[in-house]
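Which chain is which? The protein sequence lines are A and B, in order.
Be aware that the first sequence starts at 1, since it is given in the working numbering, and climbs by one per residue.
Be aware that the second sequence starts at 1001, since it is given in the working numbering, and climbs by one per residue.
Hints listed in this document are in silico derivations from the structure and should not be mistaken for laboratory results.
Just so it is clear, the structure is predicted and the values come from calculations on it, not from any experiment.
Each hint should be verified, as a subset may be incorrect.
[Unchecked claim] With a straight-line cut-off of 20 Å between C-alpha atoms, the simulated SDA-like cross-links for lysine to any residue are:
1) A:K100 / B:K1017
2) A:K100 / B:T1055
3) A:K100 / B:N1051
4) B:K1057 / A:T95
5) A:K100 / B:Y1064
6) A:K100 / B:T1020
7) A:K100 / B:V1054
8) A:K100 / B:E1030
9) B:K1018 / B:P1083
10) B:K1057 / A:D84
11) A:K100 / B:N1028
12) A:K100 / B:M1050
13) A:K100 / B:E1062
14) A:K77 / A:R67
15) B:K1071 / B:T1020
16) A:K100 / B:L1098
17) A:K52 / A:T71
18) A:K56 / B:P1039
19) A:K100 / B:N1073
20) A:K60 / A:T20
21) A:K52 / A:L13
22) A:K110 / A:L13
23) B:K1065 / B:I1012
24) A:K68 / A:G1
25) B:K1057 / A:G1
26) A:K110 / A:K68
27) A:K100 / B:I1012
28) A:K60 / A:E15
29) B:K1057 / A:L94
[Said to hold, decoys possible] Listing some non-contacts, in silico: residues in chain A with all C-beta distances to chain B over 12 Å:
30) V4
31) Q6
32) T12
33) E42
34) T51
35) H74
[Stated by the list, open to error] Distance windows between CB atoms, simulated:
36) B:T1013 / A:N59: 37 to 43 Å
37) B:N1051 / A:A53: 44 to 50 Å
38) A:N59 / B:L1113: 38 to 44 Å
39) A:Q45 / B:D1056: 35 to 41 Å
40) B:K1071 / A:Y39: 24 to 30 Å
The beta carbon of each residue, even a glycine, is placed where N, CA and C say it ideally should be.
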Amino acid sequence: GNSVTQMEGPVTLSEEAFLTINCTYTATGYPSLFWYVQYPGEGLQLLLKATKADDKGSNKGFEATYRKETTSFHLEKGSVQVSDSAVYFCALRLTGGGNKLTFGTGTQLKVEL
Amino acid sequence: EAQVTQNPRYLITVTGKKLTVTCSQNMNHEYMSWYRQDPGLGLRQIYYSMNVEVTDKGDVPEGYKVSRKEKRNFPLILESPSPNQTSLYFCASSLDWLTGIQYFGAGTRLSVL
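The shape of chain B in the complex, shown without the other chains (with noise of 0.2 Å):
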């Protein structure tokens, strides 16, 4: 089944403790995306990705990085998270930069304390 793996779905850790989100597709897609969602404000994406190696910002890349080693993984890693980090967040894929049409995955909850 074609689909995008998030990792873990829910998480709840405390300020300053470095964590990694993991995001993995089958669908041997070239763009992957993440972003964050928070109520009134929409989706905001953090970081693409348009192959392998090859990163860029999003709308609000602050307090985050992501690789991108292999083409089915792009982890989320918050090095330092602070509570302003809390929100919804997920992972995207695309077969394309070209269509627009993007694969979610289920998100992760995640709660800085």
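One chain only, chain A, in its complex shape (with noise of 0.2 Å):
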């Protein structure tokens, strides 16, 4: 079946650090694929989307690559901040699938200063 695979947090960083969030997924055909961000008590938003193979997605500093080969999705930010703490999820949306995302379990982010 279709599934997402996150690193497991929390990410504890410093603040300007470099951040990663690993995401891999198992899907037929060709998903599209997403970020979505949950600040603390809100509900989740769209942080950014790339729809093929090769695209990046990008939104507010952060960056992730559709890798077809590797099957990977990867989110990345040069230069994190305190405000940037918040659960991340991948997920993906199947061509020909309706609306449905698949979420992967999400990664706790937290910033200090």
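Take the two lone chains and join them into the complex the hints point to.
Put into structure tokens, the structure is as follows:
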């Protein structure tokens, strides 16, 4: 079946450190890939997306590249801030799969001063 | 302001006492969905609706009901709640069923004793 695997958290970084959160997927066909972010006490919101191989999604300094050969969509940011502390979810949607999103388990990021 | 509104935000109830969690969106979105979020499991889809009077089961529909009588509202009904339905619930909406971009409510934390 289709699935998304994320690195376990929590990930704790100092402000201005480099961030990588790993995400790999298993899917039939060619999915679209997403990163959603959940700030404390809030619902999820879309951070970035990529719809085909080699696409790079970017937003708010975060980037992720759709790598078909490694079935990965790792999230990166060059310099994190305390305000980036949140839970990050990787998700996929199959082409022709309607709007069903399959989510990973989430990775909590804590950024300290 | 464009938003998805869930009520209540917090609910404590007892086994077997019927409850309804309301969800309303003001963006004229066609697609709406309910998820539950549990530690270590990420978000799992309960039910979704592609338009008025069109609903279908997600991955974990047992013990839940939904209805879509109006485009803006998509209530989640637990006819006879059980402790294993203690969870954090999210409603989401999307302009259509093609993009995968969903807008989430702030969540309802339910405890069934």
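So, going through the hints one by one against the coordinates:
Pair hint K100 (chain A) plus K1017 (chain B) does not hold up; C-alpha atoms about 30 Å apart against a cutoff of 20 Å. For the suggested pair K100 (chain A) and T1055 (chain B), the alpha carbons sit about 13 Å apart, so the restraint of at most 20 Å is met. Of the pairs offered as hints, the one joining K100 (chain A) and N1051 (chain B) holds, with about 14 Å between alpha carbons and a cut-off of 20 Å not exceeded. Of the pairs offered as hints, the one joining K1057 (chain B) and T95 (chain A) holds, with about 19 Å between alpha carbons and a cut-off of 20 Å not exceeded.
Restraint check: the Cα-Cα separation between K100 (chain A) and Y1064 (chain B) comes to about 18 Å, which is no more than 20 Å; the hinted pair holds. The suggested pairing of K100 (chain A) with T1020 (chain B) is violated, with an alpha-carbon distance near 23 Å, which exceeds 20 Å. With a C-alpha separation of about 15 Å, the suggested pair K100 (chain A) and V1054 (chain B) falls inside the 20 Å cut-off, and the hint holds. Pair hint K100 (chain A) plus E1030 (chain B) holds up; C-alpha atoms about 14 Å apart against a cutoff of 20 Å.
This hinted pair checks out: K1018 (chain B) and P1083 (chain B) have alpha carbons roughly 13 Å apart, not beyond 20 Å. Note on K1057 (chain B) and D84 (chain A): the hinted pairing is violated, with a Cα-Cα distance of about 34 Å set against a maximum of 20 Å. About 19 Å separates the Cα atoms of K100 (chain A) and N1028 (chain B), which keeps this hinted pair within 20 Å; it holds. Taking the CA atoms of K100 (chain A) and M1050 (chain B), the gap is near 11 Å; set against the 20 Å cutoff, the hint holds.
Taken as a hint, the K100 (chain A) and E1062 (chain B) pair is honoured in the structure, with Cα atoms around 18 Å apart against an allowance of 20 Å. For the suggested pair K77 (chain A) and R67 (chain A), the alpha carbons sit about 17 Å apart, so the restraint of at most 20 Å is met. Distance restraint check for K1071 (chain B) and T1020 (chain B): the Cα-Cα separation of roughly 18 Å lies within the 20 Å cut-off, and the hinted pair is therefore satisfied. Restraint check: the Cα-Cα separation between K100 (chain A) and L1098 (chain B) comes to about 9 Å, which is no more than 20 Å; the hinted pair holds.
Restraint check: the Cα-Cα separation between K52 (chain A) and T71 (chain A) comes to about 11 Å, which is no more than 20 Å; the hinted pair holds. With a C-alpha separation of about 29 Å, the suggested pairing of K56 (chain A) with P1039 (chain B) is violated against the 20 Å cut-off. Between the alpha carbons of K100 (chain A) and N1073 (chain B) the distance comes to roughly 19 Å, so the proposed pair stays at or under 20 Å and holds. This hinted pair checks out: K60 (chain A) and T20 (chain A) have alpha carbons roughly 15 Å apart, not beyond 20 Å.
Our distance criterion of 20 Å between C-alpha atoms is broken by K52 (chain A) and L13 (chain A), whose separation comes to about 31 Å. Of the supplied pair hints, the one linking K110 (chain A) and L13 (chain A) holds, its CA atoms being roughly 6 Å apart against a limit of 20 Å. This hinted pair checks out: K1065 (chain B) and I1012 (chain B) have alpha carbons roughly 19 Å apart, not beyond 20 Å. Taking the CA atoms of K68 (chain A) and G1 (chain A), the gap is about 17 Å. The hint holds against a cut of 20 Å.
Of the pairs offered as hints, the one joining K1057 (chain B) and G1 (chain A) holds, with about 17 Å between alpha carbons and a cut-off of 20 Å not exceeded. Between K110 (chain A) and K68 (chain A) the CA atoms are separated by roughly 29 Å; this puts the pair beyond 20 Å, and the hint is violated. Between K100 (chain A) and I1012 (chain B) the alpha-carbon distance is near 29 Å, which puts this suggested pair outside the 20 Å criterion. Restraint check for K60 (chain A) and E15 (chain A): the C-alpha separation of about 16 Å stays at or below 20 Å, so the hint holds.
Among the hinted pairs, K1057 (chain B) with L94 (chain A) is consistent with the structure: their alpha-carbon atoms are about 17 Å apart, no more than 20 Å. For V4 (chain A), the requirement that its beta carbon stay farther than 12 Å from each beta carbon of chain B is not met, with the minimum near 8 Å. In this structure Q6 (chain A) is not separated from chain B by more than 12 Å, as the shortest Cβ-Cβ distance comes to only about 8 Å. Residue placement check: T12 (chain A) keeps its beta carbon more than 12 Å from all beta carbons of chain B (closest about 18 Å).
The Cβ of E42 (chain A) does not lie farther than 12 Å from every Cβ of chain B; its closest approach is about 6 Å, which violates its non-interface assignment. At roughly 8 Å, the least C-beta separation between T51 (chain A) and chain B is not larger than 12 Å, which violates its mark as non-interface. The beta carbon of H74 (chain A) is kept farther than 12 Å from every beta carbon of chain B, the shortest such distance being approximately 17 Å. Taking 37 to 43 Å as the suggested C-beta distance range, the pair T1013 (chain B) and N59 (chain A) conforms, at roughly 39 Å.
Take N1051 (chain B) and A53 (chain A): their Cβ atoms lie about 32 Å apart, and the range 44 to 50 Å is violated. Here the CB-CB span from N59 (chain A) to L1113 (chain B) is close to 41 Å, well matched to the stated 38 to 44 Å. For the pair Q45 (chain A) and D1056 (chain B), the beta carbons lie near 25 Å from each other, so the given range of 35 to 41 Å is not met. The hinted range of 24 to 30 Å is satisfied by K1071 (chain B) and Y39 (chain A), whose Cβ atoms lie roughly 28 Å apart.
In summary, the structure is inconsistent with hints 1, 6, 10, 18, 21, 26, 27, 30, 31, 33, 34, 37, 39 from the numbered list given earlier, while agreeing with the others.
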